[in-house]
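Undergrad: Got chain A; can you put chain B on it based on the hints?
Each chain, written out:
There are 2 protein chains.
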Amino acid sequence: MELIDGNHIAAAIAAELKAEIAAAPGRKPCIALVRVGEDPASVSYVKKKEKTAAEIGAVSRVILPPVTISQAELFALIDSLNADATVDGILVQSPLPKHIDEVAVFRRVAPEKDVDGFNTVNLGKVAQEDETGFVACTPAGIMELLRRSGVDLKGKHVVVLGRSLIVGKPVALLALQKRAGANGTVTICHSGTANLPVFTRSADVLIAAIGRPEFVTADMVKPGAVVIDVGINRVADASKKTGYKLVGDVHFESVAPLCAKITPVPGGVGPMTVAMLLQNTVKAWRGRGVR
Amino acid sequence: MELIDGNHIAAAIAAELKAEIAAAPGRKPCIALVRVGEDPASVSYVKKKEKTAAEIGAVSRVILPPVTISQAELFALIDSLNADATVDGILVQSPLPKHIDEVAVFRRVAPEKDVDGFNTVNLGKVAQEDETGFVACTPAGIMELLRRSGVDLKGKHVVVLGRSLIVGKPVALLALQKRAGANGTVTICHSGTANLPVFTRSADVLIAAIGRPEFVTADMVKPGAVVIDVGINRVADASKKTGYKLVGDVHFESVAPLCAKITPVPGGVGPMTVAMLLQNTVKAWRGRGVR
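Order-wise, the sequence lines are chains A and B. Under this note's numbering, the residues of the first sequence are numbered 133 to 423, in order. Under this note's numbering, the residues of the second sequence are numbered 133 to 423, in order.
Since the hints were made in silico from the structure, they are not lab data. Hints may be right or wrong, so weigh each one.
Which bits of chain A does chain B cover? Going by a derived footprint, with three or more residues having C-beta under 8 Å, they are [what the hints assert, rightly or not]:
no., segment
1, 248 to 256
2, 297 to 311
3, 323 to 334
The beta-carbon is built from N, C-alpha and C at its ideal position, and this holds for glycine as well.
Next comes chain A alone, as it looks inside the complex:
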């Protein structure tokens, strides 16, 4: 069994981006990070994005509207960032307060600055295999983990557990694409799937993104499979100072010994999302040709 080390791979990507930015004259890539309110998880995510941007030599502009901001005001803010020639990428941190329509906000971000990949146009471009778009960070990170771990999906059966818009569907479309490394035969399972273990056991590559702690057990996995665990679930753990520990959607202890390769939680898919956000930002910056 080989551990797929997301921290290591994410660091390698960051180093590549850093070298590219350092070598380019003129204006550095700039990402606008919009965080509405003080949700503790959002505070920590945005801080991590800001820190990683700084490490690679990109500029981040953190904008912190109060939780009371209206949707119209948030739209106006996004419009101004869309129009700002010094901003390459825009990230609006999710979740947003309940009085704001999140999908409408994601659609307001100009597709060419949508480094989060949540705009409808960028989602459509994933289906179209149009590389001018931006792929959402988690599915992009999964594909990059596979690629850099030498896993070629060609002729493989890829089973995706979960049909979310942010992970399941886009990663299925990516695994299916007619390009080197992809070309998988893809099955998408979900809460409504009958005889789920029959499907998961037939997977050469199993991508678990169902949001249920330690749901995938050893009897559900084919020996020799590659397992990508997208879940990040908090479960109570009295032995921890915080009172909880993080576990994935896979019961790591029992499944790992069966696998050819597996991602741990934490330290697997998680670190890749920030790396992909910055990769998208650098792509946007390159694309705009403004250096």
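TA: Here is chain B on its own, set in the frame of chain A:
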């Protein structure tokens, strides 16, 4: 074995649309049919669309630019139709001459008039399960055939053969949606799939859209399956006046006796595409609230 009669179902839909249009006061729905050049298949398709539009009481405006039209001129034409308040839907008949970028043309059509469902935004909306968009006519027609034949995909294994942008991918996304009639577990197979018969034999519902005449044979189908044949292939047939006959992607003779339900070719999925085009046009007309 029950035959799924596409002609009958398409006629029922046309009758419903006709009744809705007849009951509405004011302006009737209008579809602009743009056909570039004189490709014989396109001539016949556009004629059929025009005829069916007339039958249901919709207006069609046929525009016939010469094959020499430039991309810029075609864009200008589309822009004028986008801006025309009396036009609800716009269809640009494919294929276009080689000097024109077809995807760019489809993107030029305003998403709210894109009754063909080929605009990137409408494709993204299928993934988002956003019903404000337009679903491309063939996948929409397949779902409608299943619904009106009483086939509920919930808990079923739906195997899609073919990953095209026009059929395979959107129908997979539709079959997967979290809504009544859908909720299938979906596998997408294609030319790169290893052990294809293992997948097709596990299908409760098999959707063949691979463009290979009579490719699916009896040994590839589970007894009791529902089979939707999307293929329309010409094969030589000296006994026909035309010198060819139309066959699907399924070897009907041997497969049909095994099936619970199956669509014939012709007369299955084919007639549904025009019905769905007009259904989309009526939806656009309703949505614009201009009667």
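Undergrad: Report the numbers of all earlier hints that the structure fails to satisfy, in ascending order.
TA: No hint contradicted; all consistent.
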